[in-house]
Amino acid sequence: MGVAMHYVGVYAAGALKDFGLTVVSTVLSMILGVLAAVGRLYGPRLIRLLISWYVELIRGLPAILQLFILYFGLNQVGITFSPLAAALIWLVLYGVGYAVEIFRSGIMAVAQGQREAAAALGLSSGTTMRKIIFPQALVAMLPPLTSFVVLQLKNTTMLYLIGYADIMYEARLGVDATNQAGPLYVMAAIAYLIMSFIIGRIGMRMERRAAAYR
Amino acid sequence: MSNDVVVSAQGLTKRFGSQLVFEDVSLDVHKSEVVAIIGPSGAGKSTFIRCINHLHPFDGGTLELLGHTLHGGLKSPSRAVLRDIRTRVGMVFQTFNLFPHLTVMENIILAPLDVKKVPREKAVALARELLDLVGLEHKKDMYPKRLSGGEQQRVALCRALAMEPEVMLFDEPTSMLDPELVGEVLSAIQRLAKQGMTMILVTHEMTFAKEVADTVVIMADHRVAEMGPARQVLESPQTERAQQFLRRVLEPVETMEELSAAAGQGGED
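Protein chains in written order, with the numbering used here: chain U, 1 to 214; chain W, 1 to 269.
Derived by calculation from the structure, the hints in this document are not laboratory data. Cβ coordinates follow ideal geometry from the N, Cα and C atoms, glycine included. Just so you know, not all the hints are guaranteed correct.
Said to hold, decoys possible - Which chain U residues stay away from chain W? Per the calculated CB distances, all over 12 Å, these: (1) 6; (2) 8; (3) 60; (4) 93; (5) 182.
As the list claims (entries may be wrong) - Computed footprint of chain U on chain W; a stretch qualifies when at least three of its residues, placed anywhere within it, have a C-beta under 8 Å from a C-beta of chain U: (6) 31–40; (7) 85–91.
Please model the complete structure; the sequences and the hints are all you need to start from.
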């Protein structure tokens with residue numbers, strides 16, 4: 001146990017990296033996800049088709065295969081990413097695939113009457129989306145979005161496989177060096193639990209605020 | 001189109017796919033005229049008034065309103081034309097359709113601010129005035145959920161009027177309300193009629209139609225069965241289809257007896 005305590009510092013640094021990566025990739029996936037969801041719902045036929053194929057692809061392939069193809073596979077044809085770049089691209093590509101579906105279902109859950117009322121008042125489709133549909137869709141979307149962010153956080157555990165020096169990477173190294181698999185992995189587990197707990201609380205807060213009118 | 005005709009539909013036809021909703025509906029609405037459209041459900045009444053502000057496109061015929069001429073078919077009117085029509089035609093829905101995440105005040109001032117670019121103080125002042133007229137000024141900061149159905153519908157009326165429309169459309173404005181709340185909404189609509197607002201309303205309130213409407217249109221089986229001055233159409237309808245509909249509405253109990261007698265004889269109809 002004493003040995004494990006030496007790792008608190010590197011763990012904290014690794015955890016921060018994972019958390020940061022999760023936050024940045026989440027923000028990017030949300031922005032792209034909203035655009036893709038709107039494209040999937042209201043775009044021209046070809047765009048709708050492409051986005052639905054994209055969703056199938058991301059949903060159908062195991063996450064780790066996507067990461068390996070991106071990092072090792074593309075390396076073979078001369079496209080090389082740093083572990084950090086590969087990690088970010090992977091998380092965003094993966095995240096968008098899920099975010100599209102969450103946003104799409106949220107947008108569709110808003111009653112048709114809301115669109116009609118907005119149209120009858122002469123509101124443009126952009127304003128209707130921003131001021132009427134999206135705020136209401138958010139209430140339905142926040143619970144699955146929170147789970148999705150936690151999922152992304154947990155996905156970062158796979159990044160040690162491409163040599164990204166996060167908490168899991170440090171844990172593996174530590175176990176190899178000290179043979180203290182029990183304490184070291186449990187410490188990593190606790191770090192992940194704390195982070196996902198924080199995400200959960202933020203999600204709950206946002207939910208309460210978004211649903212205040214109900 | 002004579003000068004004081006505000007809305008003129010000529011041979012309007014609408015289908016959803018191969019399903020006919022209504023066909024060959026022609027109707028002129030004059031300035032300050034109140035037109036009530038009644039008829040059995042499924043006759044296409046609600047869809048018809050939704051075609052007037054182009055919430056639904058129509059397939060055939062011509063619609064002239066507020067200086068615009070729209071033709072049925074695939075080509076939809078330009079965004080500018082649509083916006084102009086919708087800013088000048090107000091609508092109240094059966095299910096109120098207030099924006100639940102906005103307060104009463106925010107519901108009312110949203111479109112004036114966003115679409116008409118009215119200064120905020122002016123929009124707020126008008127909203128207060130309108131709310132005051134329907135007795136809801138004190139609820140301006142509440143969310144719609146906290147209001148009764150009748151209150152919500154009166155707010156929805158204020159929201160439409162805040163755009164200062166030239167024509168108002170009402171789609172069964174009282175049919176989702178508890179009976180004791182119907183009166184408050186109807187009296188607000190009646191006051192508006194007295195002020196000279198041009199209105200087209202789909203309704204099931206026969207007494208109200210008789211008292212408030214100048215013209216009554218009976219739609220049945222996807223077309224206009226009869227149309228004319230309110231009292232004349234409601235008291236002595238000429239066509240058989242109109243007579244049949246009015247008999248069912250005005251004497252539901254007797255009609256029920258007829259129906260059950262027919263059912264007793266093994267009749268399907």
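Cross-check of the supplied hints:
1. 6: 52 Å, holds
2. 8: Non-interface label stands for residue 8(U): nearest chain W Cβ at 45 Å, farther than 12 Å.
3. 60: 33 Å, holds
4. 93: 32 Å, holds
5. 182: 50 Å, holds
6. 31–40: violated (count 0)
7. 85–91: holds (count 5)
The structure shown violates just one earlier hint, number 6.
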